[in-house]
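Asks: Sequences listed follow chains A and B, in order.
For what it's worth, our numbering labels the leading residue of the first sequence as 30, then goes sequentially.
For what it's worth, our numbering labels the leading residue of the second sequence as 6, then goes sequentially.
If you're looking for bench data, these hints aren't it; they were derived computationally from the structure.
Among the hints, erroneous ones may be present.
[Said to hold, decoys possible] 30 Å max Cα-Cα, derived BS3-like pairs, lysine-lysine:
hint : chain 1 : residue 1 : chain 2 : residue 2
1    : A       : K165      : A       : K232
2    : A       : K161      : A       : K137
3    : A       : K187      : B       : K92
4    : A       : K66       : B       : K255
5    : B       : K92       : A       : K169
[Said to hold, decoys possible] Ranges between beta-carbon positions, derived for each pair:
hint : chain 1 : residue 1 : chain 2 : residue 2 : range
6    : A       : S325      : B       : S265      : 51 to 57 Å
7    : B       : M131      : A       : N221      : 49 to 55 Å
8    : B       : F181      : A       : D39       : 28 to 34 Å
If you're wondering where the values come from, they're calculated on a predicted model, not measured in any experiment.
We put the beta carbon where it would ideally sit given N, CA and C, even for glycine.
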Amino acid sequence: MVQNIIDVKDLSKSFDISSKEPGLKGTIKHFFRRQTKSLKVIKNISFEIKEGEIVGFLGANGAGKTTILKILCGLIYPSEGSILVSGYQPYRRKENFLKNITLIMGQKQQLIWDLPPIESFYLNAAIYDIDKIEAKRRIKKLSDMLEIDDELFIPVRKLSLGQRMKSELLAALIHQPNILFLDEPTLGLDINAQRNLRKFLKKYNKETNATICLTSHYMKDITSLCKRVICVHNGSISYDGKLELLLKKLTPVKEILIVCRSEEDAVKLKNSGFTVKNKINNEITIKVENNSITSSLKTILNNFDIEDLYINEPPIDEIIGKILIKKEYVI
Amino acid sequence: MKLRKYLIVYKKFLHTSLASELEYKTNIFVDLITAILSLIGSIFLLSIFFQNNVRIGGWEFEQALIIQGIYTILNGITNTWFNPNLKEIVKHIREGTLDFVLLKPIDSQFFISFKNITPSGLLEIMLGCCLLLYCIKINQINLNFIFLTLCLITIICSICILYSLWFFISTTTIWFVKTWNATEVLRSLLYIGRFPLNSFSFSLRIFFSVFIPIAFITTIPSEVFLGLSQLWKILLEVLVAIVFLFSSRKFWLFALKFYSSASS
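All chains, full assembly: derive it from the sequences and hints.
Replies: What follows is the structure in structure tokens.
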């Protein structure tokens, strides 16, 4: 049986936030008498993650995803609740715990700016008690997986964003962590760099059985990596389960575009009882429920003279966008 | 085992920060010239003060040069280690890159205090040492084991006090986010350390001894050099150094509980 590697129960986190009125008067008032209020950014959340799982955290900006990741890796003290990550309480930041995890942030970097990445790798190796020969072996293995070579010897400031991100990954994985926390790792990368990064993470997970917790605003990252997603809405979990199931729940209907041989057939089809979205000349778009797609297609192909047909999957960004911004989509 | 690890890591720190500095050759030369000119300027200023007075606060010019020598060494240490590292704390906290430091299996205070080095400050340390050797000669100071040990102890204590003060101020960034100015004020106050404590009024002497112990930093080691210091003063400096180091450590660990990391 696969063990839980992350166990979170009734976790809450509050921050003291100060607010300022606009204008000079507000600024002066803010300077002398700062109004602060306690804001609960994480509200009694509970979840478990099994070893080797890749879980995507979805949510709008400010929903609390990054705060959850930072609490899980021990950077932020929780206000309430209990958390166990790999058997440790993360906020204690014990040495063995830290050797087990890594955090990669798409918008922040740990590489030494003026030096080639290889220097940062060896520095990290020394910090993680890895001897030079072993470090060299790991660098070789990871650089092969990441398909980087000459870039290791070029100063970081001269690397492209994609090359830099690969190097960041290598620096963060040199100690072979069991748990990876990735906060928008593909941020700002071009399509190819994003794809390569996803390919690498998939391979890394398969080879090492590492657990990956990921936040991303690029839906492609989530759909190609995560079977399970946790949706965070205003600090609470609005959905925790299979991504496939979530998509099915949110899109119970698919659209089929049918190109008939004649307009006469299109009219016949329009009047045959299907829910029609629109009809332009001999092209007609109908809406069909997911569970009756096969039977509907059978009926259409048997009874009408069809030239072509397309089943349109609604864009995933649109679907996920719905649960991120509108409260009424909370499941 | 732990000590060995920390030595290996420090060796790496030295290597990487020297390599980073050497990327910018001109900057190093400018820093070196600045260090030499700064020392010449300080001695010139001191000589102006002594032009019409044989003694200031009971100190002659040749004796006051010892304070200048110790100040130059401490300033060199500040420029070599404290400035490039402790100034970064503010940046780490503001930009949230302290996250990477805290997630490493190494003491965070060690990491942020020793990661960088500015080699040009080493020249200041050497210049300060040369000035001290010259002062030993002109003040006809007898060198012996006890003298050298006491000098070393008081200078190390001075370094610890200065480090703790700076580190303490930088740590407050966790709450106040921006404290560049406070560290600049500390640096300015350090200039006061170039003059003998006795040259100030009683109230200022109390202020610079009790509230901001700048006076301890240069005056007591200088008195040891001249054989004027009393044992209680040396012991007091050792005690102040221990209390400051211990407090700054505790304060850092306490402050980390309030670290909320920068938003992404």
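Asks: Run every hint past the structure and note whether it holds.
Replies: Structure-based check of all given hints:
Proximity of K165(A) to K232(A) is assessed by CA-CA distance (about 20 Å); at most 30 Å being required, the pair is judged to hold. Only pairs whose Cα atoms come within 30 Å are accepted, and K161(A) paired with K137(A) is accepted, the gap being roughly 27 Å. For a cut-off of 30 Å, the pair hint linking K187(A) to K92(B) stands: about 25 Å separates their Cα positions. For the given pair, K66(A) sits about 28 Å from K255(B) by alpha-carbon distance, which is consistent with the 30 Å threshold.
Among the hinted pairs, K92(B) with K169(A) is inconsistent with the structure: their alpha-carbon atoms are about 35 Å apart, more than 30 Å. A hinted range of 51 to 57 Å for the beta carbons of S325(A) and S265(B) is consistent with their spacing of about 54 Å. Against the hinted window of 49 to 55 Å, the Cβ-Cβ separation of M131(B) and N221(A) comes to about 52 Å, which satisfies the hint. For the pair F181(B) and D39(A), the supplied restraint of 28 to 34 Å holds, since their beta-carbon distance comes to about 32 Å.
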